[in-house]
Amino acid sequence: EDQVTQSPEALRLQEGESSSLNCSYTVSGLRGLFWYRQDPGKGPEFLFTLYSAGEEKEKERLKATLTKKESFLHITAPKPEDSATYLCAVQAGTGNQFYFGTGTSLTVIP
Amino acid sequence: NAGVMQNPRHLVRRRGQEARLRCSPVKGHSHVYWYRQLPEEGLKFMVYLQKENIIDESGMPKERFSAEFPKEGPSILRIQQVVRGDSAAYFCASSPYLQVYNEQFFGPGTRLTVL
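Chains as they are written, first to last, in our numbering: chain S, 4 to 113; chain W, 49 to 163.
Just so you know, the hints here were simulated from the structure itself, not pulled from any lab data.
Cβ atoms here follow ideal geometry from the backbone N, Cα and C, with glycine treated the same way.
Do not take every clue at face value.
[Claimed, not checked] Just a few of them, taken from the derived set where beta-carbon distance is under 7 Å, the chain S residues facing chain W:
hint, residue
1, 13
2, 15
3, 23
4, 43
5, 47
6, 49
7, 52
8, 75
9, 100
10, 105
[As the list claims (entries may be wrong)] The calculated lysine-lysine pairs, modelled on DSS-like cross-linking and capped at a C-alpha distance of 25 Å, are:
hint, chain 1, residue 1, chain 2, residue 2
11, S, 71, W, 92
12, W, 75, W, 119
13, S, 72, W, 92
14, S, 66, S, 45
15, S, 45, W, 75
16, W, 99, W, 119
17, S, 45, S, 71
18, S, 62, W, 110
19, S, 82, S, 72
20, S, 72, S, 45
21, W, 99, W, 75
22, W, 92, W, 110
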């Protein structure tokens, strides 16, 4: 069965302390890997789409990378407003489904 | 959240009642996804619809759940005879194309509580 696993489940960082979140996947025929940010009580907010191994995308303090088995979301010098749950999703094969991981809850302490 | 509207934001039902959740996609988007999110769990795909057509309902429970996306008006997720296990956040997302290399835009969700 296709699976998406995110780690760690929770991460606490001091403001300015850079780190990475991991999303590993076991799917056949990856069509796209998506990163979202979700704040409490809100819907996921789109961040990035990655389509092929080696691809990288950046937005402000966030950088997403993709290999054949996993994706990393690097956060550089985080700020308290980066605190949120970060979700990873993949779309694969010929189906229409997006498979979501359970997310990494990031807390950035001032 | 790019203009996806969901209502109500919070819905309380007693066991056995019906719940109707509405989703208005981004203007111009013709495809809608519905997801369910349980506490401490990831988003689970339920159904994918195009206007007047169900494309993929493989994630939807076979009984009590139905979805539609009429030519005019919002998409509706309907849960009949709700049970406590239906309590969850239900999100819809819209996208503009059938070939979904495009990101989905999510609504704020409807939080259903079954008493």
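*Which numbered hints does this structure break?*
Hints 1, 2, 3, 4, 8, 17, 18, 19, 20 contradicted; others consistent.
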